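**Student:** Listed here are the chains, written in short residue letters.
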Amino acid sequence: MRRALIAALFFAVLVAAWQAMAWSGRWSPVLLPSPGSVAEYLLAALADGSLLEATGVTLRRLLVGYAMGVAIGLPLGLLSSTWEVVEDTVGVLALGLQTLPSVCWIPLALLWFGQSEGAMLFVVVMGTTWSVMIATDTGARSIPTVYARAARTMGSAGFHRWTRVILPASLPFLVSGMKQGWAFAWRSLMAAEIYVTILSGFGLGQLLHYGRELNAMEQVVAVMLVIVLIGLLADKVLFAPWERFLHRRWGTDARGA
Amino acid sequence: MALDTPAINTVPLGDERLGELLVEGVSKWFRTRRDNVHALDDVSLHVRPGEFVSLVGPSGCGKSTLLDIVAGLTRPDAGRVEADGVPVTGPERHRLVMFQESALFPWLDALGNVLFGLKLVPDLGRRQRVETAMEHLRLVKLERFARANVHELSGGMRQRVALARALAPDPRVLLMDEPFSALDALTREQLYDDLQEIWRTRRKTILLVTHNVREAVCLADRVVLFSPHPGQLREVFDIPLPRPRDINSAELSGYASRVTAALKSYYTRDAML
Ligand SMILES: Nc1ncnc2c1ncn2[C@@H]1O[C@H](COP(=O)(O)OP(=O)(O)OP(=O)(O)O)[C@@H](O)[C@H]1O
Ligand SMILES: [Mg+2]
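Heads up: the sequence lines are chains A and B, in that order. Residue numbers for the first sequence follow my numbering, so the first one is 1 and each next one is one higher. Residue numbers for the second sequence follow my numbering, so the first one is 1 and each next one is one higher.
Rather than coming from a laboratory, the hints here were simulated on the basis of the structure. Keep in mind that this is a model prediction, so the values were computed, not measured. It cannot be assumed that every hint is accurate.
Not close to chain B: a few residues of chain A, all C-beta gaps over 10 angstroms, as computed [what the hints assert, rightly or not]:
#	residue
1	Ala17
2	Ile72
3	Glu213
4	Met224
5	Ala240
Per the computed footprint, the stretches of chain A lying under chain B, defined by three or more beta-carbons under 8 angstroms from a beta-carbon of chain B, are [unchecked claim]:
#	stretch
6	146-155
7	165-177
Pairwise CB distance ranges (calculated) [stated by the list, open to error]:
#	chain 1	residue 1	chain 2	residue 2	range
8	A	Val64	B	Gly60	52 to 62 angstroms
9	A	Cys104	B	Arg34	24 to 34 angstroms
10	B	Arg258	A	Trp83	48 to 58 angstroms
11	A	Leu95	B	Arg144	43 to 53 angstroms
12	A	Val92	B	Arg75	23 to 33 angstroms
13	A	Pro144	B	Arg126	54 to 64 angstroms
14	A	Phe113	B	Glu152	45 to 55 angstroms
15	B	Arg75	A	Thr89	22 to 32 angstroms
16	B	Arg33	A	Gly96	26 to 36 angstroms
17	A	Thr89	B	Gly60	37 to 47 angstroms
18	A	Gly96	B	Asp35	31 to 41 angstroms
A virtual CB, placed ideally from N, CA and C, is assigned to each residue, including glycine.
For reference, chain A alone in the conformation it holds in the complex (with noise of 0.2 angstroms):
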């Protein structure tokens, strides 16, 4: 209760002093709209659907390809902790193309399938696989060996021992790798939507980057409100109830571990 009456109080001030800064006047409305105005222009943009709309559109694809980058990623992850082939080939790959940023792949994707979802897609899917894959690695090659040899003597053994030991062993790090993953493909998403422009959905990032040519400041205000509000979600959604099961059965807080 105490936290809560203090994080609100916190974006109390935050919004307070905003409307400070909007009401001194020292700055045009162009370059900066009030609290106000972007509440306005959301309550209108949800009343019309065309929040909701590209919410959805961009939730889609997010989801999408974010499910296709932990398919690939996460047994590509598992197999080169194991398989020196893997590692040399994959693992090297997966190295250089994570430094990679994201907008990089959009050059390509345009090239390869045209202003199309199939680019919107292939830029989440490069974004999210190898930090997947990475993470689940690093996370499979941390398991203290001793209980792998434990299951192995129990009879543990192929698919017996990758499901039952090996995954759930490494749950803290899959976790992590995850989590990381969806800001990856977040990111990777919202640099795809405001480069290309299709026809066949209206997305967040495409709102936003409208909303600079028609210098309607308080769009891209408000959009970009609506772009952390769903990163602030989805993180309690997909990934707390994991750090809950990690807290209760590990004993550690998974982001201090």
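Keeping the supplied structure of chain A fixed, place chain B with the ligands upon it in accordance with the hints.
**Tutor:** Chain B with the ligands only, in chain A's frame:
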């Protein structure tokens, strides 16, 4: 106490090599970047089915390494190891290990840990598995903690869960690496009684590594003494005391002091090097 549970891997009558361990001329080196450690040097040991053997010796004399080799987790560089009369090629469900550090899985609760090995035993129904697991938790007096997470258990409780986990699938051979070193004296003495009872009723072959000479003497038919650098088997002491044994009895002390005297000679000899 639930000690008379039906054995899961009932030893077929007549096959008198089941549960036998044979170690012959085993040597092991560990090559690291800096060093080449001679962990075991030409070690030979024959353990009869159902025999209880304790291994004692200074730290670093290769006791854990020998246990690993017998378990099939490590390959010896020379020599051969047989269990049940057949060469050991890898780990096997009939030879379970209690590791020196608690190897409980943190992603499972206490019951889940005990169930882990049971789930890998073929032809065992779900009900039967849970019953067997609970029985073994009761055996180590932790049935109230079946649903506790590993990090919520004390070091001693963890070792007791690990004992339950190793016993539950009813292995023929139990390899124990300093299982009681983290326990308080009273719990330990209680577990000595329990272990003797388990050993009496279920006739397991047990190899126990310990630094506690009284413990070694109290539990074992034979106490085997190792010396380090390189790890060598030095002496074997027969302990023909009647069972059940009380760790505080006078005869036991007599044997223990003889083993301790021998052990001391290796410590001093080592110190002089
Ligand atoms: N994986 C390994 N790599 C390198 N050296 C090792 C390895 N395992 C053991 N050794 C070395 O082999 C020797 C024997 O080790 P071991 O663990 O078997 O001793 P121990 O008798 O069990 O000692 P303690 O009583 O302290 O547990 C030690 O000198 C140790 O440094
Ligand atoms: Mg040891």
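**Student:** For every hint, state whether the structure bears it out.
**Tutor:** So, going through the hints one by one against the coordinates:
In this structure alanine 17 of chain A is separated from chain B by more than 10 angstroms, as the shortest Cβ-Cβ distance comes to about 43 angstroms. At roughly 24 angstroms from the closest C-beta of chain B, the C-beta of isoleucine 72 of chain A stays outside 10 angstroms, upholding its exclusion from the interface. The claim that glutamate 213 of chain A lies off the interface holds: its Cβ sits roughly 51 angstroms from the closest Cβ of chain B, which is beyond the 10 angstroms cut-off. Every Cβ of chain B is farther than 10 angstroms from the Cβ of methionine 224 of chain A; the closest lies at roughly 39 angstroms, confirming the non-interface assignment.
Chain B leaves alanine 240 of chain A outside its interface by the beta-carbon criterion, the shortest separation being 18 angstroms against a cut-off of 10 angstroms. For the stretch 146-155 of chain A, the stated coverage by chain B is satisfied: 9 residues place a CB nearer than 8 angstroms to a CB of that chain, which reaches the threshold of 3. Counting residues of the stretch 165-177 of chain A whose beta-carbon sits less than 8 angstroms from any beta-carbon of chain B gives 4, enough to reach three: the coverage restraint holds. Take valine 64 of chain A and glycine 60 of chain B: their Cβ atoms lie about 56 angstroms apart, and the range 52 to 62 angstroms holds.
Hint check: cysteine 104 of chain A to arginine 34 of chain B, Cβ distance near 44 angstroms, so the stated range 24 to 34 angstroms is violated. Take arginine 258 of chain B and tryptophan 83 of chain A: their Cβ atoms lie about 53 angstroms apart, and the range 48 to 58 angstroms holds. Hint check: leucine 95 of chain A to arginine 144 of chain B, Cβ distance near 49 angstroms, so the stated range 43 to 53 angstroms holds. Against the hinted window of 23 to 33 angstroms, the Cβ-Cβ separation of valine 92 of chain A and arginine 75 of chain B comes to about 31 angstroms, which satisfies the hint.
As the Cβ distance of proline 144 of chain A to arginine 126 of chain B is approximately 29 angstroms, the hint placing it in 54 to 64 angstroms is violated. Separated by about 52 angstroms at the C-beta atoms, phenylalanine 113 of chain A and glutamate 152 of chain B satisfy the suggested range of 45 to 55 angstroms. The hint said 22 to 32 angstroms for the Cβ distance between arginine 75 of chain B and threonine 89 of chain A, and at roughly 29 angstroms that hint holds. Range check, arginine 33 of chain B to glycine 96 of chain A: Cβ separation about 28 angstroms, and the 26 to 36 angstroms hint holds.
Take threonine 89 of chain A and glycine 60 of chain B: their Cβ atoms lie about 40 angstroms apart, and the range 37 to 47 angstroms holds. The hinted window of 31 to 41 angstroms between glycine 96 of chain A and aspartate 35 of chain B holds, with their beta carbons roughly 36 angstroms apart.
In the structure shown, a violation is registered for the earlier hints numbered 9 and 13, in ascending order.
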